[in-house]
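Protein chains in written order, with the working numbering: chain A, 7 to 511; chain B, 7 to 511.
Since the hints were derived computationally from the structure, they do not count as laboratory data. One or more of the hints may lead you astray.
Same chains, same names: a pair is fine if it fits in one copy or spans any two.
[What the hints assert, rightly or not] Cross-link-like lysine to any residue pairs, in silico, SDA-like; alpha carbons within 25 angstroms at most:
hint: 1; residue 1: 16; residue 2: 330
hint: 2; residue 1: 16; residue 2: 39
hint: 3; residue 1: 64; residue 2: 265
hint: 4; residue 1: 200; residue 2: 340
hint: 5; residue 1: 16; residue 2: 57
hint: 6; residue 1: 205; residue 2: 160
hint: 7; residue 1: 504; residue 2: 449
hint: 8; residue 1: 16; residue 2: 48
hint: 9; residue 1: 16; residue 2: 112
hint: 10; residue 1: 187; residue 2: 260
hint: 11; residue 1: 51; residue 2: 236
hint: 12; residue 1: 397; residue 2: 449
hint: 13; residue 1: 397; residue 2: 106
hint: 14; residue 1: 319; residue 2: 35
hint: 15; residue 1: 319; residue 2: 135
hint: 16; residue 1: 16; residue 2: 52
hint: 17; residue 1: 205; residue 2: 56
hint: 18; residue 1: 397; residue 2: 362
hint: 19; residue 1: 16; residue 2: 116
hint: 20; residue 1: 51; residue 2: 503
hint: 21; residue 1: 384; residue 2: 88
hint: 22; residue 1: 51; residue 2: 18
hint: 23; residue 1: 51; residue 2: 495
hint: 24; residue 1: 187; residue 2: 68
hint: 25; residue 1: 16; residue 2: 507
hint: 26; residue 1: 16; residue 2: 236
Number of protein chains: 2
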Amino acid sequence: MQDCPADLAKLRERIAEMRDLSRIQSIVHWDMHTYMPSRGAEARKEQLATLSSLIHEKLTDPALGRLIQRLEPLMNNAREDSEETAVVREVAREHQRATRIPGRLMQEATRASSDGLQAWLRARGEEDFHLFLPALERNYDVSRRTAEVINPDSHPLDVMLDRREPGFTCADVQEIFSDLKETLVPLIARISDKSGQVKDSILHQIYDPARQWDLSMEAVRALGFDLDSRGRQDRSVHPFTTAFSTDDVRITTRIRDDQFSPCFFASLHEAGHGTYEQGLPARWNRCILGSAASGGMHESQSRLWENIVGRSKEFWQFFYPRVRSYFPEQTAGAQYTDFWKAVNRVQPSLIRVEADEVTYNLHIMIRFELEQAVYDGKLELRDLPAAWNEKFEEYLGIQPEAPSEGILQDIHWSGGFGASFVIYALGNVISAQLFETAESAIPDLRERFRTGNFSALLTWMQENVHTYGKTLSPGDLVRQATGRDLSTRPYLRYIKSKTADLYDL
Amino acid sequence: MQDCPADLAKLRERIAEMRDLSRIQSIVHWDMHTYMPSRGAEARKEQLATLSSLIHEKLTDPALGRLIQRLEPLMNNAREDSEETAVVREVAREHQRATRIPGRLMQEATRASSDGLQAWLRARGEEDFHLFLPALERNYDVSRRTAEVINPDSHPLDVMLDRREPGFTCADVQEIFSDLKETLVPLIARISDKSGQVKDSILHQIYDPARQWDLSMEAVRALGFDLDSRGRQDRSVHPFTTAFSTDDVRITTRIRDDQFSPCFFASLHEAGHGTYEQGLPARWNRCILGSAASGGMHESQSRLWENIVGRSKEFWQFFYPRVRSYFPEQTAGAQYTDFWKAVNRVQPSLIRVEADEVTYNLHIMIRFELEQAVYDGKLELRDLPAAWNEKFEEYLGIQPEAPSEGILQDIHWSGGFGASFVIYALGNVISAQLFETAESAIPDLRERFRTGNFSALLTWMQENVHTYGKTLSPGDLVRQATGRDLSTRPYLRYIKSKTADLYDL
Numbered sequence: 007m008q009d010c011p012a013d014l015a016k017l018r019e020r021i022a023e024m025r026d027l028s029r030i031q032s033i034v035h036w037d038m039h040t041y042m043p044s045r046g047a048e049a050r051k052e053q054l055a056t057l058s059s060l061i062h063e064k065l066t067d068p069a070l071g072r073l074i075q076r077l078e079p080l081m082n083n084a085r086e087d088s089e090e091t092a093v094v095r096e097v098a099r100e101h102q103r104a105t106r107i108p109g110r111l112m113q114e115a116t117r118a119s120s121d122g123l124q125a126w127l128r129a130r131g132e133e134d135f136h137l138f139l140p141a142l143e144r145n146y147d148v149s150r151r152t153a154e155v156i157n158p159d160s161h162p163l164d165v166m167l168d169r170r171e172p173g174f175t176c177a178d179v180q181e182i183f184s185d186l187k188e189t190l191v192p193l194i195a196r197i198s199d200k201s202g203q204v205k206d207s208i209l210h211q212i213y214d215p216a217r218q219w220d221l222s223m224e225a226v227r228a229l230g231f232d233l234d235s236r237g238r239q240d241r242s243v244h245p246f247t248t249a250f251s252t253d254d255v256r257i258t259t260r261i262r263d264d265q266f267s268p269c270f271f272a273s274l275h276e277a278g279h280g281t282y283e284q285g286l287p288a289r290w291n292r293c294i295l296g297s298a299a300s301g302g303m304h305e306s307q308s309r310l311w312e313n314i315v316g317r318s319k320e321f322w323q324f325f326y327p328r329v330r331s332y333f334p335e336q337t338a339g340a341q342y343t344d345f346w347k348a349v350n351r352v353q354p355s356l357i358r359v360e361a362d363e364v365t366y367n368l369h370i371m372i373r374f375e376l377e378q379a380v381y382d383g384k385l386e387l388r389d390l391p392a393a394w395n396e397k398f399e400e401y402l403g404i405q406p407e408a409p410s411e412g413i414l415q416d417i418h419w420s421g422g423f424g425a426s427f428v429i430y431a432l433g434n435v436i437s438a439q440l441f442e443t444a445e446s447a448i449p450d451l452r453e454r455f456r457t458g459n460f461s462a463l464l465t466w467m468q469e470n471v472h473t474y475g476k477t478l479s480p481g482d483l484v485r486q487a488t489g490r491d492l493s494t495r496p497y498l499r500y501i502k503s504k505t506a507d508l509y510d511l
Numbered sequence: 007m008q009d010c011p012a013d014l015a016k017l018r019e020r021i022a023e024m025r026d027l028s029r030i031q032s033i034v035h036w037d038m039h040t041y042m043p044s045r046g047a048e049a050r051k052e053q054l055a056t057l058s059s060l061i062h063e064k065l066t067d068p069a070l071g072r073l074i075q076r077l078e079p080l081m082n083n084a085r086e087d088s089e090e091t092a093v094v095r096e097v098a099r100e101h102q103r104a105t106r107i108p109g110r111l112m113q114e115a116t117r118a119s120s121d122g123l124q125a126w127l128r129a130r131g132e133e134d135f136h137l138f139l140p141a142l143e144r145n146y147d148v149s150r151r152t153a154e155v156i157n158p159d160s161h162p163l164d165v166m167l168d169r170r171e172p173g174f175t176c177a178d179v180q181e182i183f184s185d186l187k188e189t190l191v192p193l194i195a196r197i198s199d200k201s202g203q204v205k206d207s208i209l210h211q212i213y214d215p216a217r218q219w220d221l222s223m224e225a226v227r228a229l230g231f232d233l234d235s236r237g238r239q240d241r242s243v244h245p246f247t248t249a250f251s252t253d254d255v256r257i258t259t260r261i262r263d264d265q266f267s268p269c270f271f272a273s274l275h276e277a278g279h280g281t282y283e284q285g286l287p288a289r290w291n292r293c294i295l296g297s298a299a300s301g302g303m304h305e306s307q308s309r310l311w312e313n314i315v316g317r318s319k320e321f322w323q324f325f326y327p328r329v330r331s332y333f334p335e336q337t338a339g340a341q342y343t344d345f346w347k348a349v350n351r352v353q354p355s356l357i358r359v360e361a362d363e364v365t366y367n368l369h370i371m372i373r374f375e376l377e378q379a380v381y382d383g384k385l386e387l388r389d390l391p392a393a394w395n396e397k398f399e400e401y402l403g404i405q406p407e408a409p410s411e412g413i414l415q416d417i418h419w420s421g422g423f424g425a426s427f428v429i430y431a432l433g434n435v436i437s438a439q440l441f442e443t444a445e446s447a448i449p450d451l452r453e454r455f456r457t458g459n460f461s462a463l464l465t466w467m468q469e470n471v472h473t474y475g476k477t478l479s480p481g482d483l484v485r486q487a488t489g490r491d492l493s494t495r496p497y498l499r500y501i502k503s504k505t506a507d508l509y510d511l
């Protein structure tokens, strides 16, 4: 590396410029989903298209390719884990991927995705899968061809997975899923025999939206997401997190006035994502390393704060008095343990985003197995609804009555087909392994939650996860943070212990 | 033009791309001034710098220059007022200006302006003009050199004025100002003898901010600015208007809980700007013609709705019951005429943005005369405060006690020195001439205000001003809309008639 400081500086400059532009893209997206008046959509589409193609142009610039080529051999002499190596590796990865996709295919993908969204919205509105099928077929075709040009020697789903979860293959995912299934399916059956033990009607009452908002702000602040000088929360139809720098992180939530959970747990979930973005090193704000290690790692942080913390008995011992003060009528006569049970009720359900912690992973597995069957030629897209219903019957004992609560519930397949959901289940598994390690490093960790002290956990995550940005692959990061390979065991231990407590198993 | 449709299409494509990028720049600025958490500022500065230099690169692209060169001669054969002619003229103007400014000078200007802002904030905070002087000298130097490279044969202030108000020179402005001064200075003296006749203490009470907000939204909606599907209002420290397309126009206001006027009239003012942006032809959203004709024309619309409409007796006859319903205690015992008088009270004051309609123009004149004296070598920047105070004494009979209410009150000179304020006075003059013409076309125009009917006026502005975008120079646009050259007479008639009514002159 000593030989090419000038080239490295040039590379960093190009990366900084591309980062600035992609942050700007995020600002424009954020506004689109929060405050844009409805008729602003048309011009916004053009503006975003112009910006995307500009970023694509910069990423595929042959001069960038030559710079990378000159720097790559030198990398072999550098220490493998140096920051410079990681920078070149990551930018080479993105440049290569972008240059392998022909411009025409790229545009086709953009159109397929934007038309797919319209078709999905219409099909869902009319409860008719066949209105979505042509768009789905086109998206599948584009996704498959894109995977093939990126790496013709790998299975398309492996190529797609590698983008979201570098180093992971479908075989890894299958192994994880088979472990989960082995324990969870019988566990769900045992719980369903005792389903009367946990009720959640307390959550299904009228909760004033303005108070829900204030309560969620309190909770998010308590967990340690900086809502004041370094971030904010707003409302949007679908909750999301986006970051314009480590010092400007935006989360959103949504509010239903007849339910407690959607707003509260969306806020906790997004705040979890938000702590990751606020915890990345500020010196990498304009560097390619200043991002989460992977989609699954990002989900590990959201699921950690939403579920392991936000659905723990200790959290509710601390926070329930706040709920009581905001909603005295709705909580009249209920103890914190009643509320804790309610937010943890296990019940097979049709909608993924409303699923409890135990059944949630089965929703993901079903989707992944269907994606695999399609890519392996064992299932036609037109037969997806029937296959979906069969799997729901098999794993959860229920079937949707309408496509909108079945095959058409998620937006994901409207913009591409393949490995879109896996990161959510990986996030669950990773979160439990990280938490178990944090707990053994800080023995009274859970006890601290009882008094609203979450800073030890947040600091542990910052020091063992956030601070590494994209320098390590998710697999290596988990190994380094926890001392072992990723395994489903901590997650299954966590789920078994929690359900035993909830349902006296 | 028939000979080069391909070149013209290429030109339009380049313009569309630049427009998209500059709209994106506006989105990023809007967020910065409305919702950005404080610590987000640092990264935002980098992102904006990257975007600006990208836009500058596109605007100065030699290939764009060649395209313009190929198209310019053909223009001479086209009808002079054709849309194509206007497109080539406007883009040539911007390209030429941008290419004449060397990159280094451009960067110097950016730094001088950003450092100037910091120095101004500090100097104002410490009430010490000398803390601002070095930054002011640097900004003056950069502004002068920039004007010189753009057009070495013109007076620097003429060059700067031409950018904001194409076709206008300092001589034109001086003529207008000397007309205004001749009438306004003695008028102010006559009013000051009767100053007890109009009181405005009703405006200086505690007004609940949330109600002020709701009231301002009602007023803005009543005037015809589309706040629902095509625009919105938010809060910011300094009110402003920005547009991301004709269908996405953002206005902002600010609220002081101890005064009625700042929020209400800022909303009306910005809504006036907003109607112009919403009234531009949508087909020009990605075209260089889809902008206001000039800064002065833009101000004519804001001053029209803020003052000529929003401070008219007829408006208050219609709207006062709304104020009463929001603020029954504050308005107890007062009639609409009392409120109308209060919002029109004439009183020499130190702060431009709080000045009444009559004295306002003198604030602008003072600044312009000082700018001229500096550029003509008759005044040193270090002597500005003394000269400022002298002029205030001469024109308004008062002097500031502290720099923050004198020389340091405006942000403008922190980012450049020259012809920054003229457009506000021009806006006043233009607004009166436009209104007088609209009134003769629609005889019961003012009567309609009494029942909240403002659509005839808005439609007249749309059809006679907004719809032309940037196809005409401001001078030509005024001539076309009103049938005569711009003149101070309608404005002076308006002011004289109004003050006669208010003060029984």
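Verification of the supplied hints:
Taking identical chains as interchangeable, the C-alpha atoms of residue 16 and residue 330 are never at most 25 angstroms apart, the minima being 57 angstroms within one chain and 64 angstroms between chains. For the identical chains of this complex, residue 16 and residue 39 are neighbours neither inside a copy (35 angstroms) nor across copies (33 angstroms), given an alpha-carbon limit of 25 angstroms. Proximity of residue 64 to residue 265 under the C-alpha cut-off of 25 angstroms is found in neither arrangement, the shortest distances being 46 angstroms within a copy and 51 angstroms between copies. In this assembly of identical chains, the alpha carbons of residue 200 and residue 340 lie at most 25 angstroms apart only when taken from the same copy (21 angstroms versus 70 angstroms across copies).
Taking CA atoms no more than 25 angstroms apart as the test, residue 16 paired with residue 57 passes in both settings, with 22 angstroms inside one copy and 18 angstroms between copies. When the C-alpha separation of residue 205 and residue 160 is checked against a cutoff of 25 angstroms, the pair qualifies neither within a copy, at 48 angstroms, nor between copies, at 81 angstroms. Taking the closest pair of Cα atoms, residue 504 and residue 449 come within 25 angstroms of each other only inside a single copy of the chain (18 angstroms); across copies the shortest separation is 78 angstroms, beyond that limit. In this assembly of identical chains, the alpha carbons of residue 16 and residue 48 lie at most 25 angstroms apart only when taken from different copies (22 angstroms versus 37 angstroms within one copy).
In the homo-oligomer, the alpha carbons of residue 16 and residue 112 lie at most 25 angstroms apart only across protomers (22 angstroms), although the nearest pairing inside one protomer, at 27 angstroms, exceeds that limit. Taking the closest pair of Cα atoms, residue 187 and residue 260 never come within 25 angstroms of each other, the shortest separation being 31 angstroms inside a single copy and 57 angstroms across copies. In this assembly of identical chains, the alpha carbons of residue 51 and residue 236 lie at most 25 angstroms apart only when taken from different copies (15 angstroms versus 29 angstroms within one copy). For a Cα distance limit of 25 angstroms, the shortest separation of residue 397 from residue 449 qualifies neither inside one copy, at 41 angstroms, nor across copies, at 73 angstroms.
Taking identical chains as interchangeable, the C-alpha atoms of residue 397 and residue 106 are never at most 25 angstroms apart, the minima being 36 angstroms within one chain and 68 angstroms between chains. In this assembly of identical chains, the alpha carbons of residue 319 and residue 35 never lie at most 25 angstroms apart, being 37 angstroms within a copy and 44 angstroms across copies at closest. For a Cα distance limit of 25 angstroms, the shortest separation of residue 319 from residue 135 qualifies neither inside one copy, at 42 angstroms, nor across copies, at 60 angstroms. In this assembly of identical chains, the alpha carbons of residue 16 and residue 52 lie at most 25 angstroms apart only when taken from different copies (17 angstroms versus 31 angstroms within one copy).
Within a single copy, residue 205 and residue 56 get their C-alpha atoms no closer than 51 angstroms, and across copies no closer than 55 angstroms, so neither meets the 25 angstroms cut-off. In this assembly of identical chains, the alpha carbons of residue 397 and residue 362 lie at most 25 angstroms apart only when taken from the same copy (18 angstroms versus 73 angstroms across copies). In this assembly of identical chains, residue 16 and residue 116 lie within 25 angstroms of each other by CA distance solely across copies; the values are 23 angstroms between and 31 angstroms within a copy. Taking identical chains as interchangeable, the C-alpha atoms of residue 51 and residue 503 are never at most 25 angstroms apart, the minima being 48 angstroms within one chain and 50 angstroms between chains.
Taking CA atoms no more than 25 angstroms apart as the test, residue 384 paired with residue 88 passes in neither setting, with 45 angstroms inside one copy and 62 angstroms between copies. Taking the shortest Cα distances, residue 51 and residue 18 sit within 25 angstroms of each other only across copies (18 angstroms), while inside one copy they are farther apart (30 angstroms). Neither within a single protomer nor between protomers do residue 51 and residue 495 lie at most 25 angstroms apart by alpha-carbon distance, with minima of 45 angstroms and 46 angstroms respectively. Taking the shortest Cα distances, residue 187 and residue 68 never come within 25 angstroms of each other, neither inside one copy (47 angstroms) nor across copies (63 angstroms).
Within a single copy, residue 16 and residue 507 get their C-alpha atoms no closer than 58 angstroms, and across copies no closer than 69 angstroms, so neither meets the 25 angstroms cut-off. Taking the shortest Cα distances, residue 16 and residue 236 never come within 25 angstroms of each other, neither inside one copy (30 angstroms) nor across copies (43 angstroms).
Hints 1, 2, 3, 6, 10, 12, 13, 14, 15, 17, 20, 21, 23, 24, 25 and 26, counting from the list given before, are not met by this structure.
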